[in-house]
Amino acid sequence: MSEISKLTELRKLLLDMERSMGLQDLSTVERDIYYAASDHTTSAGAVKTTLLQEHALLENVSRPTFFRALKSLQGKGYLEQCKNSVRGYYIVKVPAR
Amino acid sequence: MTPARTVAGLNLGKETAIVSLAYLGAFFATFEVLMPLQNILVPAFDNRASLLFLPHGVRVLAAWLLGPRSVVALLPGVVLGFVYAAGWGAFEPSRLSAMAVAVTVPATCFFLLRLLGQDLRPAPDRRPCWPCIMGIGLVISMISSVLTNYAFGSAPQDYIAYLIGDMLGLFFLMLILMLIFRGLRHSRASGN
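In the order they appear, the protein sequences are chains Z and W.
According to this note's numbering, the first sequence holds residues 1 to 97 in order.
According to this note's numbering, the second sequence holds residues 98 to 289 in order.
For reference, chain W alone in the conformation it holds in the complex (with noise of 0.2 Å):
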C-alpha cells in the first residue's frame, strides 16, 4: 500500500471512530434520557418514535462534512445502535434496510443536491448557510422516513413522527453544538 493510500485509510479510520461515536453518543442520549423524558411528558403520544432525535443531526452533519464517505464512518455506530435497541433482531431484513437507508440516504441528498446546481459542501470560498442545512435535512428525514416506515410497514403516524424528530434532533443539535462552541470560547478567552 503506497503511503498515500495508507495516510488516506488512517484517515477515514480516524473519522470513522468520531462519526460513529458521535453517533452513538447522540442515541445513547436520545433513547436514555430524553425518551423516558418524552414519556413522562407526552404519555399521550403512544409511538417508540423519538420527537427529538439526535442522531438524525449527526447524519446530516456528517454528510455535509464527509460527503461519500459519510456512508462507511457512520455505519459503525447505526449498526451498534441497531443491536442495542433490538438484539439479534437487527439484522432482520427490514432494519438492516433501515441501516442502509440511515447511512446512504444523507450522502445521496447531498449529491442529488449539487447535481441540480445546489453545492452545499463546505468550501474556504463558499459562506456556511445553516438553514440549508436544516432544508437538506428535512428533504433526506423525509426520504428516510418514507423508506424506512415502509420496511417496517409502519401506520401513518410513524411517518409523521419519524420527521418532527429528525427535524427537532437536527435543530438541538446544532444548537447544543453551537452553545458548546460558545462556551469554548468564553473560557479560553477568560483565561487569556
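Isolated chain Z, as found in the complex (with noise of 0.2 Å):
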C-alpha cells in the first residue's frame, strides 16, 4: 500500500466515525460513491463514471440510485464535473461549509 493510499483509508475511517457522529451530511450511498471515487483518484487524478460504477462497494446500486447520488454529491461539493475532458469525468473535490 502506498503513502498516499495509507493516508486516504485513514481519512475513510475518520470519514465513517464523522458520519456516525451526525457531523457529515452523506447518505450511505453517497459515502460509498465519494470513497471509490477517492480510492481512484489516488492514482488517476480524475475518474470516470464508468470506473465508479464498477467498483466493489457500488456493485448492488442502481444506476437511478447511483446517479441521483452523484448528482446530490456534485450539489454537495463533494465531487465535481471535470470542465477540460469529456463528459464522464469527476474530480473529488473537498465541500466548502
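Think of the hints as simulated: they come from the structure by calculation, not from any bench.
A quick note: this is a predicted structure, and the numbers were derived from the prediction, not measured.
Treat each hint with caution, since some may be false.
What the hints assert, rightly or not - Selected chain W positions facing chain Z (Cβ under 8 Å, derived; list incomplete):
1) Pro219
2) Pro221
3) Asp222
4) Pro225
5) Met275
Stated by the list, open to error - Here are the simulated DSSO-like pairs of lysine-lysine, each with C-alpha atoms no more than 30 Å apart in a straight line:
6) Z/Lys6 with Z/Lys48
7) W/Lys111 with Z/Lys93
8) Z/Lys71 with Z/Lys83
9) W/Lys111 with Z/Lys6
10) Z/Lys71 with Z/Lys6
As the list claims (entries may be wrong) - DEER-style ranges, computed between Cβ atoms:
11) Z/Glu80 with W/Leu109: 32 to 38 Å
12) W/Arg102 with Z/Lys6: 19 to 25 Å
13) Z/Gln74 with W/Gly186: 56 to 62 Å
14) Z/Lys71 with W/Asp222: 19 to 25 Å
15) W/Glu189 with Z/Thr28: 47 to 53 Å
16) Z/Gln74 with W/Gly110: 39 to 45 Å
Idealized CB from N, CA, C, for every residue including glycine.
Once you've looked at the hints, go ahead and assemble the two chains, each given alone in its own frame, into the complex.
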C-alpha cells in the first residue's frame, strides 16, 4: 500500500467516524461513491463514471440510485465534473461549509 | 540489493520514522500534558497509569494500516518512550517484556482476527469500520494489560487503569485526528 493510499484509508476511517457522530451529511450510497472516487483519484486524478459504477462498494447500487447520489454529491460540493475533458469524468473536491 | 528491495527498505524506513514520531508525540502529550492535568483533576487516583493513554491509539492504527510491519515501525518509538520514562531501567527484563508486548500484540491481534474470518485490513473494496477498530483496540488493550501488568507484578487496579487509559486514548486520538482532518478540509475549501 502506498503512502497516499494509507493516508486515504485513514481519512476514510475518520470520515466513517464523522458520519457516525452526525457531523457529515452523506447518505450511505453517497458515502460509498465518495470512497470509490477517493480510491481511484489517488492514482489517476479524475475518475470516470463507469469506473465508479464498477467499484466493489457500488456493485449492488442501481443506476438511478447511483446517478441520483452522484448528482447530490456534486450539489454538496464533494465531486465536480471535469470541465476540460469528455463528459463522465469527476474530480474529488473538498466541500466548503 | 535489488531495486525493489531497496524501495521496500526505504518505504519501511519512512513508515518507521512516521509511526515512531507519532508514537513519541502521543507519548509526550500524554506524560507531559495529560498526566499532570490528571493529577490535578483526579488527585484521588493514586496511580502512575494514564487514564488517557494516546500512544495506544497510535499502536492500534499503525497495526491496522501496516500489519506486521507495525512491529518494526513502532519499535524505536516504544523503546525511546520507555528510556525517557525509566532511564537505563528500561532494559530490565520486565520492561523489555512490556516493550515486546507493546509492539507485537496489536499486529498479532489483527492477524488472529483475520484467521477467524474477520479481515479488518484496509482495502479499496472494503468500507472502514471505526467501531470495529475500537473493538479490536479493546481486545489489544486487554491482552496487553494482562501481559504487561503480569510482567510488572502490578496490583489489580492497575489492570483496570490500563484498560481505561488505552480505550479512552484510542477514542480521543481518533477524535483528535478526525477534527484535524476536518479542519484541514475546511481551510482548504475556504482557500479555493
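- Query: Going through the earlier hints one by one, which of them does the structure break, listed in rising order?
  - Reply: none
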